[in-house]
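Engineer: Letter by letter, the chains look like this.
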Amino acid sequence: MKKANRATLIGYYRTMVVIRRFEEAVEQLFARGVIRGTTHPSSGQEAVAVGSCAALGKNDYITSTHRGHGHFIARGADPRRIMAELFGKSSGYSHGRGGSQIMADFRLGFLGSNGITGSGLAIATGAGLAMKLQGRRSVVLCFFGDGAASQGTFHESLNMASLWKLPVIYLCENNLYAMSSPVAETVSVPHIAQRAEAYGMKGVIVDGNDVLAVRDAVAQSCFRARNGNGPELIECKTYRLSGHSRGDPRIYRTREEEALWHQRDPILRFRTWLIDNGFLDKAEAKKIESGAARIVASAVRFARTSSDPDPDAMCRGLFA
Amino acid sequence: MKTMSYTEALREALAAEMKRDDCVILLGEDIGRYGGAFGVTRSLLDRFGPQRVINTPISELSFVGAAVGAAMMGMRPVVEIMFMDFITLAMDPIVNMAAKLRYVFGDQARCPLVIRTVAGGGRCYGPTHSQSLEAWFVHTPGLKVVAPSTPADAQGLLISAIRDDNPVIFIEHKMLYNTKGPVPVPACRPVPFGRARRISRGSHITIVSWSWMACQTEIAAAMLREEGIEADAMDMRTLSPLDIEAVVESVKLTGRLLIVQEACRTGGVAAEIAARVFEAAHDYLNAPIRRVAGPDVPLSASPVLENAAMPDAERIVAAAMELVNFR
Numbered sequence: 001m002k003k004a005n006r007a008t009l010i011g012y013y014r015t016m017v018v019i020r021r022f023e024e025a026v027e028q029l030f031a032r033g034v035i036r037g038t039t040h041p042s043s044g045q046e047a048v049a050v051g052s053c054a055a056l057g058k059n060d061y062i063t064s065t066h067r068g069h070g071h072f073i074a075r076g077a078d079p080r081r082i083m084a085e086l087f088g089k090s091s092g093y094s095h096g097r098g099g100s101q102i103m104a105d106f107r108l109g110f111l112g113s114n115g116i117t118g119s120g121l122a123i124a125t126g127a128g129l130a131m132k133l134q135g136r137r138s139v140v141l142c143f144f145g146d147g148a149a150s151q152g153t154f155h156e157s158l159n160m161a162s163l164w165k166l167p168v169i170y171l172c173e174n175n176l177y178a179m180s181s182p183v184a185e186t187v188s189v190p191h192i193a194q195r196a197e198a199y200g201m202k203g204v205i206v207d208g209n210d211v212l213a214v215r216d217a218v219a220q221s222c223f224r225a226r227n228g229n230g231p232e233l234i235e236c237k238t239y240r241l242s243g244h245s246r247g248d249p250r251i252y253r254t255r256e257e258e259a260l261w262h263q264r265d266p267i268l269r270f271r272t273w274l275i276d277n278g279f280l281d282k283a284e285a286k287k288i289e290s291g292a293a294r295i296v297a298s299a300v301r302f303a304r305t306s307s308d309p310d311p312d313a314m315c316r317g318l319f320a
Numbered sequence: 001m002k003t004m005s006y007t008e009a010l011r012e013a014l015a016a017e018m019k020r021d022d023c024v025i026l027l028g029e030d031i032g033r034y035g036g037a038f039g040v041t042r043s044l045l046d047r048f049g050p051q052r053v054i055n056t057p058i059s060e061l062s063f064v065g066a067a068v069g070a071a072m073m074g075m076r077p078v079v080e081i082m083f084m085d086f087i088t089l090a091m092d093p094i095v096n097m098a099a100k101l102r103y104v105f106g107d108q109a110r111c112p113l114v115i116r117t118v119a120g121g122g123r124c125y126g127p128t129h130s131q132s133l134e135a136w137f138v139h140t141p142g143l144k145v146v147a148p149s150t151p152a153d154a155q156g157l158l159i160s161a162i163r164d165d166n167p168v169i170f171i172e173h174k175m176l177y178n179t180k181g182p183v184p185v186p187a188c189r190p191v192p193f194g195r196a197r198r199i200s201r202g203s204h205i206t207i208v209s210w211s212w213m214a215c216q217t218e219i220a221a222a223m224l225r226e227e228g229i230e231a232d233a234m235d236m237r238t239l240s241p242l243d244i245e246a247v248v249e250s251v252k253l254t255g256r257l258l259i260v261q262e263a264c265r266t267g268g269v270a271a272e273i274a275a276r277v278f279e280a281a282h283d284y285l286n287a288p289i290r291r292v293a294g295p296d297v298p299l300s301a302s303p304v305l306e307n308a309a310m311p312d313a314e315r316i317v318a319a320a321m322e323l324v325n326f327r
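Chains as they are written, first to last, in the numbering used here: chain A, 1 to 320; chain B, 1 to 327.
Just so you know, not all the hints are guaranteed correct.
To be verified - A few chain B residues facing chain A, derived, Cβ under 10 Å:
1) Asp22
2) Ile54
3) Ser59
4) Gly65
5) Val68
6) Ala71
7) Pro77
8) Leu89
9) Leu101
10) Tyr103
11) Asp107
12) Gln108
13) Pro112
14) Pro141
15) Gly142
16) Pro192
What the hints assert, rightly or not - Some chain B residues close to chain A (C-beta under 7 Å, calculated; not the full set):
17) Pro57
18) Leu61
19) Gly69
20) Met73
21) Met75
22) Arg102
Hint data in this document are derived by calculation from the structure and do not stem from the laboratory.
Note that the structure is predicted; figures quoted are calculated from it, not measured.
Glycine included, each C-beta is placed from N, C-alpha and C at the ideal position.
Taking the hints into account, I'd like the entire structure generated from these sequences.
Structural biologist: Shown next as structure tokens:
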């Protein structure tokens, strides 16, 4: 891990903790039946979300996945409006029409999370094409999971983006399982990053539980993409600490394996590193953690007290 | 007015809109030097360059998805899907993204995307190069669906489609490319969506159709006239939005409705028109609503089998005569 200025590092830590508290709250609210539908928590993958968003500029763009709360929060979204969307309220990012998997804020350059695995890869490719045609220096960061690396969009998009030298960073969050399927059962090579070679682009493997390593890798890829060198594929090795979605019994993996990854928890690791390197003491850390809990509690309050969408308006807004 | 082919009319519309708006780009397989499988984009690469006329790999799923992404970022992509059968490969970005963006993401999102594609039989191309799949898209809220039958409408509706801020499925027909007709010049007159075009006026029976079947209907109407039957015939032109009011008004005068569709019968657009007319005007009907449609089987490559499956003017006339004689 490289050094950087203290406020920035603490900012990363705060955002990571907010994401974790947010996901924990969401899981509890689902368990209690307060919110309905489905959700895909990103606990354990905070270093990927925060590290990669930290490498982007404000004119850059992101496409996200079904597991997108963390990406959205890391990009600066308002946790209250995300929570309200999960509650199906009109104050939610999609006014209750999208739910956990479908939210966007174009002003933040967040072009949407996506309920279809791999769908975002093609969207990101097109956004990259637009950047190139419009002569803009923005890059597009495309999050996807190890499961999406088996979709046609992955292979087709990498091929096109490489042919056309598009400024897109394809960032794979390899959390080792596509729902219940271990990556070794669905991916034909040991590392998804190896597939970059087939498309004539650079592939990078990163410790996805090291927020600064993720940030630095994404920053380097962005630099090259921004300067016309085309797309790159980054594979962040990580682990989702919770189930795939609500109600996942996790029969496909052992509690021992989970315990091992809990020891590699990106938040605990970064916390220890910050304290060891004198950027943070335990009292400050506690303060940040209780601050994050307050942010999430306020999001839940906001969502709970927001109004429901109006069924009479259901048929409006289909067309521009 | 100038006489030109359906193909030329489409090309003129593309060229005019590309000249008018730098955001208009073309994407598709073999649309560059080759000019597209049916020649619609011929010469456009030379006129507008490879930044505007983008030859894609054979990756329908992702170049349509990319077109959605580019449209979200302010471009106005016009995608060519070589045969409508291949649109099956791109259903995700069309149905799950393009059609839903505005509804879910609200005012911030816009998807000005045109997907031009080629439907229909008549050329013995067989089961996977001849389908008429318009019903799937009419069944998807958030899409507009266009199926012009004349060069003038092809041009005017394509201009409207490109200027529209919503995703439009623009269905051409392989039997229409060489047909000729008068087209306004210079190419700048958009034809509005949601208005049927009257093929012939009459009070004995209403006949509605679209695309290649509208041409067959026009022939059928002339044949019926010789039998003393005046058909009120309409080309729907756009299937979403659908000018159901025009059909209902006509049925109120004629009391008889015949709907002609090339696609297989079950779950087709003809069924939707029949249901809406019945809901709005059942009191006026003097005979059951009838459909002339393709059979519920894949279209065969054999000329004999294909011909047996495709509705044509004779079959339209026969069905119309039965309806008119219904007591």
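Engineer: All the hints need checking, so say for each whether the structure fits it.
Structural biologist: Here is how each hint holds up against the structure:
no.: 1; hint: Asp22; result: holds (9 Å)
no.: 2; hint: Ile54; result: holds (8 Å)
no.: 3; hint: Ser59; result: holds (4 Å)
no.: 4; hint: Gly65; result: holds (2 Å)
no.: 5; hint: Val68; result: holds (6 Å)
no.: 6; hint: Ala71; result: holds (7 Å)
no.: 7; hint: Pro77; result: holds (8 Å)
no.: 8; hint: Leu89; result: holds (8 Å)
no.: 9; hint: Leu101; result: holds (8 Å)
no.: 10; hint: Tyr103; result: holds (5 Å)
no.: 11; hint: Asp107; result: holds (8 Å)
no.: 12; hint: Gln108; result: holds (4 Å)
no.: 13; hint: Pro112; result: holds (8 Å)
no.: 14; hint: Pro141; result: holds (6 Å)
no.: 15; hint: Gly142; result: holds (5 Å)
no.: 16; hint: Pro192; result: violated (14 Å)
no.: 17; hint: Pro57; result: holds (6 Å)
no.: 18; hint: Leu61; result: holds (5 Å)
no.: 19; hint: Gly69; result: holds (2 Å)
no.: 20; hint: Met73; result: holds (4 Å)
no.: 21; hint: Met75; result: holds (5 Å)
no.: 22; hint: Arg102; result: holds (5 Å)
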